[in-house]
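Trainee: The residues making up each chain are set out below.
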Amino acid sequence: MILKELPKKEMQALLSGDGLSFRAGRFSVKLQSNITSIYNGVAHLYGESEALFQQPADFNVSIKKSTGLRAFIRPNAQFLFNGIKPFTPLPLNQAFPLLEWGLNWCVTNHSHQYLVIHAAVVEKNGYALILPGQPGSGKSTLCAALVERGGWRLLSDELTIITLNGQNILANPRPISLKNQSIDIVKGISDVTRFSPVVKDTIKGSVAHLQAPKISLDNYCTPASPCLVVYPKYQKGINSYIQELSSGESFIRLADHSFNYSILGLEGFKALSALHDRVSCYEYCYDGNLDEALSLMDSLLPS
Amino acid sequence: MKSDQILINFLKSPKLIAQFSEEEIGHLIRQSYATGLTARVYSQLSENGLMSFIPDNMRWHFSSANKLFKAHKHDINNEIKRITNALKFANISPVFLKGAAYIIADNKCHQGRLFSDVDIFVDKSDLSIAEGMLRLNGWINNDIDEHDEKYYRDWMHEIPPLINTKSDITIDVHHNLVPLVSRIKLNSDLLLDRVVNSSSGIKTLSPMDKILHSSAHLLLDGEFDHGFRDIHDLYLLLTEYMLDNPDFIDDLIGRAEELGFELILYYCLLLQVEIFKLNIPISKIAKLKQKIPTTIITDIVFRMFLRVLCPEPSKLSSFRYKTSLFLLYIRSHWLKMPMHLLIPHLLYKAIVTPFKERKKIKELENNPN
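Sequences listed follow chains Z and X, in order.
The first sequence begins at 1 in this note's numbering and counts up by one.
The second sequence begins at 1 in this note's numbering and counts up by one.
In case anyone wonders, no lab produced these hints; they're calculated from the structure.
Just so it is clear, CB atoms sit at the ideal spot from N, CA and C, and this is done for glycine as well.
There could be a bad hint or two in this list.
[Claimed, not checked] Stretch-level coverage of chain Z by chain X, calculated; a stretch enters the list once three of its residues show a Cβ under 8 Å from a Cβ in chain X:
1. 82-89
2. 229-238
3. 279-291
[To be verified] Over the 10 Å line for every Cβ pair with chain X, so calculated as not near, a few chain Z residues:
4. Leu69
5. Phe72
6. Gln113
7. Gly166
8. Asp191
9. Pro197
10. Val198
11. Ser225
12. Ile263
13. Leu264
14. Gly265
15. Glu267
16. Lys270
17. Ser295
18. Leu300
19. Leu301
[Claimed, not checked] No farther apart than 25 Å at their CA atoms in a straight line, the calculated lysine-lysine pairs in the BS3-like style are these:
20. Z/Lys65 / X/Lys356
21. Z/Lys64 / X/Lys166
22. Z/Lys65 / X/Lys322
23. X/Lys166 / Z/Lys65
24. X/Lys166 / X/Lys108
25. Z/Lys64 / X/Lys203
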């Protein structure tokens, strides 16, 4: 059963009661919340996700509205993980982005059975293309374009999960997070009904989320084989170019982009080494021409 | 089995895991996360060969936490070396306290214990040299406002925390072993008489003093973020030393009397009996009770300790939990400071600090880089 099929009343009762369990990426989440925008956000963006009823969830989280005086004056939303509050509360209208950031935190802080890297990752013909990038590099826009227009399968827009033998990338398909100008760009190339409302004035600027495609959700158990690492760098008005990067250079950059390389120690080193035995690495400066970018990415794939 | 007792029952008797349902193991995982003891549970499972009772799809919670613990232990060991080296030049050999001391002494309770600060003690006469040497070697102060700086220097037993810019690990330098409380008389200087040297020549408190010192912190500091972990540390320390020495509890009571720690030890032992059913003759606790001026307040405070040391996350939002937490916070300050200083301090913390923090967040929002 998927969340969309759950009657509205029942879903609300679960959220404000014991908790609503569903698949979020490859993890199961049990969520409690008394906030309307959380109900709306989950119902919309996780509508195609599997509802879970039986087994205990991987992550038990809640998003709570402030109580007391704060409920009336500038109300807040607080993220809780098993009673722990890892972040300061945010204004109530940012509750849904807070949930998404909180779920990322859950994965990056507790999943040391994998090497986890801050990068988007997509798959075609079984091959994975990893897109690491700083905020503003255009990695999420490129990732959304590849998924919405280029026929690639979304593995994750934010967290690349690599098995410790370095041979597989695991899928963790969750809503794609878009910021500022990229929201309108991606709205121009996909179905606008799959977007969440835009939340303005967050610490990252304006934020909107885009539903993960159903095909990605259905295939969350299918891993991909690492093949390409492309470091995108968006620069307005530049003449786009791509250049090969040595695996040594890429190794250092990926270690730097990873959340748990230093925790894994030797295991992390071995995973990144094995990964770099299999991938070609490029640096890609682009002017925002997505059609050109899509055909370029296709041309990098092994024929 | 009552679900809020699941972690406690497991820690009392890890073999019970064989009888836990999948749902109960799910609950164990929740409480482990809530108390920061996921890696501790891992160590108890693997030590007793019980890992196979955890379903395959749930085991990663514990093994991941163990990886984090191993990396943490490695980092702390390096930090201990850096600190001793930095202070060696000034001929100061610090006494390591709490978490770092458990690692140095290889106490069972260091297994799976994650903590953010390294605590050391240096003699008050060495304090400014020690602080200078640390600064010279790359330790710096965190952002701290004037009020907090003054509060630390005048009313705390430690200087404002220093952070190592290379490792990002914070060090708390103590010049007194317990908070400078004005309402209980503690001879904490005597703790230093029995300092022990590890095989590598690093100093820690003696076994008994370690227990008294950690209990004092847990029960006087007024912060219980890691309260359940700390009370379980004490349980492991007590069981470890009781196994070595059948008279350990008697000796410990004697030592508490010498130092003026009777009330602290009374609470500590009573909590161990109540929470973990630690095997101590109740007559010994009764004898200890005679030594302290118990009132109805003693019992109320004990009930409040029990409530805030509960590992069940769903209880954390209850009114009774919050009230106990608040009253114990007030109590810790009441023990520390005379009323004419306490009230301005608490008002500052309640009004000015949140305002300053909000301002800081606002600035961060306007200028995220």
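Trainee: Flag every earlier hint the structure violates by its number, smallest first.
Mentor: Violated hints: 2, 3, 6, 12, 13, 14, 15, 21, 23, 24 and 25; rest satisfied.
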